[in-house]
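*Asks:* Chain by chain, the residues:
Number of protein chains: 2
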Amino acid sequence: MAKPSVVIAHDPSPDIRSLYSDVLSAHGDLVFLPDLSSDQRKDALRGADAMICYNPRLELDDEDARNLESIGFVQLLTAGVDHVPMQLFPATIPVSSNAGAFGESMAEHAVAMIMAAAKRLPFEHQEMRDGRFNQFVPTKGLRGSVCAILGFGGAGRATARLLRPMGVTIKAINRSGKTEEPVDFIGTSDDLEYVMRGADFVVITLSLIESTQGLIGERELGWLAEDAILVNVARGEIVDQDALYRHLVGNPRFFACLEAWWIEPVRHGEFRLDHPFLELPNVIAAPHNSASTAGSQVQSIRRGAENMRRWLMGKNPENLLGDAERTF
Amino acid sequence: MAKPSVVIAHDPSPDIRSLYSDVLSAHGDLVFLPDLSSDQRKDALRGADAMICYNPRLELDDEDARNLESIGFVQLLTAGVDHVPMQLFPATIPVSSNAGAFGESMAEHAVAMIMAAAKRLPFEHQEMRDGRFNQFVPTKGLRGSVCAILGFGGAGRATARLLRPMGVTIKAINRSGKTEEPVDFIGTSDDLEYVMRGADFVVITLSLIESTQGLIGERELGWLAEDAILVNVARGEIVDQDALYRHLVGNPRFFACLEAWWIEPVRHGEFRLDHPFLELPNVIAAPHNSASTAGSQVQSIRRGAENMRRWLMGKNPENLLGDAERTF
Numbered sequence: 000m001a002k003p004s005v006v007i008a009h010d011p012s013p014d015i016r017s018l019y020s021d022v023l024s025a026h027g028d029l030v031f032l033p034d035l036s037s038d039q040r041k042d043a044l045r046g047a048d049a050m051i052c053y054n055p056r057l058e059l060d061d062e063d064a065r066n067l068e069s070i071g072f073v074q075l076l077t078a079g080v081d082h083v084p085m086q087l088f089p090a091t092i093p094v095s096s097n098a099g100a101f102g103e104s105m106a107e108h109a110v111a112m113i114m115a116a117a118k119r120l121p122f123e124h125q126e127m128r129d130g131r132f133n134q135f136v137p138t139k140g141l142r143g144s145v146c147a148i149l150g151f152g153g154a155g156r157a158t159a160r161l162l163r164p165m166g167v168t169i170k171a172i173n174r175s176g177k178t179e180e181p182v183d184f185i186g187t188s189d190d191l192e193y194v195m196r197g198a199d200f201v202v203i204t205l206s207l208i209e210s211t212q213g214l215i216g217e218r219e220l221g222w223l224a225e226d227a228i229l230v231n232v233a234r235g236e237i238v239d240q241d242a243l244y245r246h247l248v249g250n251p252r253f254f255a256c257l258e259a260w261w262i263e264p265v266r267h268g269e270f271r272l273d274h275p276f277l278e279l280p281n282v283i284a285a286p287h288n289s290a291s292t293a294g295s296q297v298q299s300i301r302r303g304a305e306n307m308r309r310w311l312m313g314k315n316p317e318n319l320l321g322d323a324e325r326t327f
Numbered sequence: 000m001a002k003p004s005v006v007i008a009h010d011p012s013p014d015i016r017s018l019y020s021d022v023l024s025a026h027g028d029l030v031f032l033p034d035l036s037s038d039q040r041k042d043a044l045r046g047a048d049a050m051i052c053y054n055p056r057l058e059l060d061d062e063d064a065r066n067l068e069s070i071g072f073v074q075l076l077t078a079g080v081d082h083v084p085m086q087l088f089p090a091t092i093p094v095s096s097n098a099g100a101f102g103e104s105m106a107e108h109a110v111a112m113i114m115a116a117a118k119r120l121p122f123e124h125q126e127m128r129d130g131r132f133n134q135f136v137p138t139k140g141l142r143g144s145v146c147a148i149l150g151f152g153g154a155g156r157a158t159a160r161l162l163r164p165m166g167v168t169i170k171a172i173n174r175s176g177k178t179e180e181p182v183d184f185i186g187t188s189d190d191l192e193y194v195m196r197g198a199d200f201v202v203i204t205l206s207l208i209e210s211t212q213g214l215i216g217e218r219e220l221g222w223l224a225e226d227a228i229l230v231n232v233a234r235g236e237i238v239d240q241d242a243l244y245r246h247l248v249g250n251p252r253f254f255a256c257l258e259a260w261w262i263e264p265v266r267h268g269e270f271r272l273d274h275p276f277l278e279l280p281n282v283i284a285a286p287h288n289s290a291s292t293a294g295s296q297v298q299s300i301r302r303g304a305e306n307m308r309r310w311l312m313g314k315n316p317e318n319l320l321g322d323a324e325r326t327f
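Residue numbers (numbering that gives the first Met the number 0), protein chains in the order written: chain V, 0 to 327; chain B, 0 to 327.
Be aware that one or more of the hints could be misleading.
[As the list claims (entries may be wrong)] Going by beta-carbon spacing under 8 Å, a handful of chain V positions derived as facing chain B:
id, residue
1, A111
2, K118
3, F122
4, L141
5, P164
6, T168
7, R271
8, D273
9, I283
10, A323
11, R325
Worth flagging that the hints you see were computed from the coordinates, not collected in a lab. The structure displayed is predicted, hence computed values, not measured ones. Heads up, the beta-carbon is just placed ideally off N, CA and C, and yes, glycines get one too.
The shape of chain V in the complex, shown without the other chains (with noise of 0.2 Å):
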C-alpha cells in the first residue's frame, strides 16, 4: 500500500529537509512544493494527504487552494495563526498550529524586557551619556512583585516558570480558567480587572481572535499602576495603539516592552505605527524577534514534523484549531 502523501509547502533548507525525511519519511511521502513545476504542482496538490505550511499567504495561492481535494491534515509552523488565511484550507479538514513551540525563547525575552525596564536600563545608559551618574535611584526589585500573565498556553507558562523561581507572584488568565502550572492565582477575562490592578508587571502572550482584538485599551491601562511595566509578546491588536500612546505620554514612569507590532513584515509586508513610539524614552521596541532564538527554528520544525507523524499514524494530532482562530 503506498505511503501518504505530504506535502511540505515551504523551501526548507538542506539540514531541514533531512529533518523531515528522519521524522517523517517512514509513515508518508514527502513532496516539497517548491521544487516542482506548476503541472507537477498541480498533481502533487491534488493528491496531497496532509500538508505542512509555514506561511501560508505566501506558499499557496487560491488556484493551489481550489486543488486541496483530497487533504486530510494541515500542519502550521508557526505558533500564532492569525493572519493564516484559513479559507485556503476546506473548512472540514483539521488545521493544527504549533502552538507552544517557541513558548521558552519568548518567554526568555519577555523576562528579558521586564527586567530591562525594572532596572531603567535603556534610561540610565542614555542619562550616563548625558553625564549623569544616578547611583541611587531606585530600582524595582523583581522578588516580591506581582506580574500578570494574560494567556497562559505555551509562552505565558513558560514565563511564569522563569519569574517564579525570582521570587514573583504570578497572576494569570486563561479560557478556561484553570491550569496545572503553579501559579498564585488563574481566571479567565472575568479576571482581567483583579490581575491587572496591583500588577508590577503585565506579559501578554494572547491569541489573537475577535474577543482578545483591542482588549486593553484606555480603562484597562488605567487599572495599572503608574509605574508598572507592560510587556506584548503577541500581537499588536490585542492593545489598543492610540490608547498606549497616550499612555505612555501622559505616564513618563509607565514602561511598555513592544515586542510585538500592529503593522509588521512578516504579516502586512512592512512596519508601521501611527504614533512615534520608538522616540519614546519608556518603551523598549525589539522586532518581534523573540523567537529567533539560536536554534529554536530547527526546534520548532521539528516539533510540528512530530505533531505530523502522529496524525500520520492514526493519532490525534495536538494544538487543533478550534472555530475562535480559524474564523477571526
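Place chain B on chain V using the hints.
*Replies:* Chain B in isolation, oriented as in the chain V frame:
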C-alpha cells in the same frame, strides 16, 4: 551597669533612626554623630564601644580616628570595602563588612544585563529606529548556556540561584574552591581559564583586593568566545580598562555590561573614563546602581544593625574582614 555606647557615624533618615532603635536599643546606647557639637563629638568617640559607618571616608577625619581609643568593633554598611580608609580604625579591633547585603539586588541587575545583551535589546531598538526590522537574526537563548561566576559570595550565589532555573550551567570560582550552593563546577583562581573558556556569560562579583586587581586582562579576554557577554557588578579595577576597550572594538559581537567603573563618584568623587565606552554599541552601562532597588537600603541597614546586635550580645559577628581586605 551602663549599656555599651554605639556610635552611628552617618546621618540616617528618621525611619532609619527608628530601625536602629528597634534593633539595638535593648543592648546599647545609640549616639548619632552628625547631631553632636564638635566637643560632644570628641567625647562620644572617646567613649564609643562600637561604631556603624556608611562611608567612613566622608564621615570620619583623622582627628576623629585618634579618639577611637575604647572602640571594640566597627560595622560597615557596604558590601565592598576597598574604598574604606582602614587606617581610621585601630588595627587590632575587628571590622565587619555588610557582604551579601545587596546580593539579591545585584544578582537581579546582573541577570537583567545578561539577558538584555543576549537578546540584543539596546542594539535592536536602535536598529528599529534606523528603519531595520531584524526579525530573523538569531539571539542567544539562556537555556543550555554556560555562565562563569567569578567570586561566589552573596551576589555570586544569588546570581547562580536566578540563572540555574533558567537552564544555565554554573561554573564558579571562589577562594576556598568549595561551596554549599548547587553548582556544576566550583574551583579557585587556578581554574580561571577553565571556567572562562566555553562560557557564554562571565559575571564578576569579586572583592577588590591585591590579587584580583587587573585579574581580567588581554590574555583572559582572549579565552572568551567572540560573542561572549562580560558583566562586571564588582569593581572596575578587576578588569584592565585598556584591554577591555580594545577587545570590544576588535570583537563587535562581544558584549560588556558595566555597572562598576574604574573612577566613579562614591569612591573617587567623580565619574571618568579613559576610553569612550559609552559610545560603543556593544556596551550596556549602568551607574553602579545594582544595589539601589526600592527597599534595599533599609534592608541592608537592618542587616548591618543585626550584626552589631550580635556583637553587643557577645556573639561572633558575621563578615569579619581578613588581612587581604584590610591592607589593600
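*Asks:* Now tell me, hint by hint, if it's right for this structure.
*Replies:* Comparing the hints with the structure gives:
1. A111: holds (4 Å)
2. K118: holds (4 Å)
3. F122: violated (10 Å)
4. L141: holds (5 Å)
5. P164: holds (4 Å)
6. T168: Interface hint status for T168 (chain V): violated (16 Å vs cutoff 8 Å).
7. R271: Violated. Min distance 11 Å.
8. D273: violated (15 Å)
9. I283: holds (6 Å)
10. A323: Given a least distance of 26 Å, the restraint on A323 (chain V) is violated.
11. R325: violated (25 Å)
Of the numbered hints listed earlier, those contradicted by the structure are 3, 6, 7, 8, 10, 11.
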